[in-house]
Amino acid sequence: MSDVQEYPAIWLQLAGCSGCSVSVLNTVAPSIRNVLVDEILPGRHVNLRFHPTLMAGSGEPALEVILGGLPEQGYLLICEGAVPTKAGFGGVGESAGKHLSMHGQVLDLAKRALAVLAVGTCASFGGIPSGRPNPSGAKGVRDVLAEAGIDVPVVNIPGCPPHPDWFVGTVVSILLNGLPGAEDVDELGRPLCYYGKLIHETCPRRADFDAGKFAQHPGEPGCLYELGCKGPMTYADCPTRQWNDGQNWCVGAGNPCLGCVEPYFPDGFDPMYKKISEDRLRRFAVGSKE
Amino acid sequence: MQKIVIDPLTRIEGHLKVEVTVDGGEVKEARCSGTLFRGWEIILKGRHPLDAQRITQRVCGVCPTAHAMASTLALDDAFGIADQIPTNGRLLRNLILGCNFIQSHVLHFYHLAALDFVDVTAVADYEGENDDLQAVKSFIARGALGPFVPRYEGDYRFSPEMNRKLTAHYVQALRARRLAHEMLCIFGGKMPHSAAIMPGGNSEVPTVDKISSFLGRLNEVQRFIDNVYLPDILEVAKAYPDHAGIGGGCNRYLAYGSFDLQGENVDPVTRDRLLPQGLLTAEGELEPLDASQITESVASSWFRSASNLHPAEGETEPDPQKDGGYSWLKSPRYDGKATEVGPLARTMVAYRRGAEPLKSIVDSVLGELGAGPEALSSALGRHAARAIETKIAADAMTDWLLALKPGEPVCADWTVPGEAEGMGLTAAPRGALGHWVVIKDGVIGRYQLVVPTTWNACPRDEDGQPGPMEQALEGTTVRDTENPFEVVRIVRSFDPCLACAVHVVDGRGNGLRRFRIA
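First to last, the protein sequences are chains X and C. Residue 87 in numbering that gives the first Met the number 0 is what sits at position 88 of the first sequence, and the numbering runs on without skipping anything. Residue 30 in numbering that gives the first Met the number 0 is what sits at position 31 of the second sequence, and the numbering runs on without skipping anything.
Bound-form chain X, shown alone (with noise of 0.2 Å):
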């Protein structure tokens, strides 16, 4: 046929709303196309097998892919979503009558995967389906998987959603240099070329923080501090990257940083708009974190 080497990639879509899919597809370079069409490096291409938003196939064609047809050489497991991991709060599907749980079809396929990628909060640490009171036990992969006693790479991408070019980059990487290694990511799994840094840390409205100018209603000029603004506790470069090519981004748009890349989103924010005290800045601003 060829000498691109194919990387075959399950997608699974759990507890979760599409948003990070969504997401994913804004990536401008390289392009969506670049991605599942084209060779995303020379010589090499990530063969997506199964997305239950893109795929043709549905029902039992579409379950095939994940129940009989896995390829040998391994295969990337991408999850988005939370594990429900009370009995009966999520499906993948139905084959020959069987229901198949989203909990189990995790741990089924991650016992063969060659690594898995958790993409966005809800799948690297619960999200929202995990806040109070949690109604359906959601959890985060990486969790759910130490439970189970699977030893399988996991690599965090959360957010709420994630930037595409944190999921597209992190791929590439792995194409590239293989698995990122213990130097390369934070004690929560995370990137650290894309969250290594305070959201705080790199602000550009950093300068009214230090000069002590604070909005008082979401839209004015001003450090956003007073209006419940995470940045002094997240770690993610949106204030440099920007989203949707460069355009604008949360605090850019006068509203504060929700914190949605932390495992404290959502609860350990809550309220959303209320200053974070003084105690937690002061733990956040040398560096250490909670």
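Hints were generated in silico from the structure; no laboratory data involved. Quick caveat: nothing in here was measured; it's all calculated off a predicted structure. This list has only true hints and no planted wrong ones.
Computed footprint of chain X on chain C; a stretch qualifies when at least three of its residues, placed anywhere within it, have a C-beta under 8 Å from a C-beta of chain X:
| hint | segment |
| --- | --- |
| 1 | 13 to 22 |
| 2 | 46 to 56 |
| 3 | 173 to 184 |
Note that the Cβ used here is the ideal one computed from N, Cα and C, for glycine as well.
Could you slot chain C onto chain X? The hints should help.
Frame of chain X; chain C shown alone:
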């Protein structure tokens, strides 16, 4: 009798199972159910009212902005400031929601629905110079065809040339929908899950450079809608004319209205909106919107709470073993009857009201196809209605954009009341969207969402009346039960969004037992 179970029904948002019983090639009974629960309304309880706008967006990554709108309208109402939104704030909200409509509709037709009609493999023989098609040709030649194969096989009717053209448009549409999100980001902060729509107006302000950057993208997207999207809908209609005769359903249409054209009049019945509100009955009678007519039955839903409550008093007590239950969706009813919502419903209401420019565009599309208005009530009609309102929204957006006044206010002041109630009615791309909030002791005491797909994909009620999607399926001829194209085409014509539809769950945190339809 043969039972066809399609689970997962892919290329929709969320997790949907469709089960049809076929006898003599005809669908005798159809049942739709959602297969995922997260529990949004319960998670919202006890939180700060302002958080509702940010949290409800996360119900759905395809139409988060519509939830931001509905939530904010409900909060405007509860805060008593609905009539004080500055013109800039109202226009920015319209622009942000308009971007969401364009993104969602383009994504739906090209990336969710089109693969039911278009055979991508025709590109294997491509000999031309289109860069996108050459890329797809190389992709096919490498032999690893995921995610385009496997699929149902058989009923692909386009010529190889038209298949190639539509495949090129599939790739082109990826850019068009991305541009719509970039436009949204300019005034909304980011997308998906935007930041800026707030009670009182919007937190991002208009500036000349933002207006100009938005307009450049809007112009490109408008050219795509006029020169690619609308003509492609006509091509599908010409190749699949029988699909104008299937998938009609209940023929009863509800629209809440969307895109406010007035600031002062906030009455949901009389407010002037670009896509107007109203009810069109199966008998063809046009009635004014009356939100008190909305109730939710739980007859076939796994809930033991009282049936037929208004959403402002809605209750949610699950009972997964309930006799006769087969869905986690409640069954919204308007005046006790199953009612379709969505682009077709909005178009039917607007057409009957004689709203321009919609009526003229619909007439010209029907004229091109040599069809009468009755052809609209069909699977094809939903696609056509979606494309037509995409054009109407995009064209109106140019006017709104140029009416923005940099330097003038965008957001009214507010204080969060200790006790209040609010209702927000708007249109999501998929149909009528309502949020009802009760604020108690300064926090959310009750929050209910009644979303488009709950209206459309709901189960039977006390009277055995099937939901609109079930009605659209029943009576349909399925030519090949191994490849039930008709079923998936009808379901996808509704553009179901299950993440939105299935959001209710046990408030007491009880573990729900394993459920499955036998």
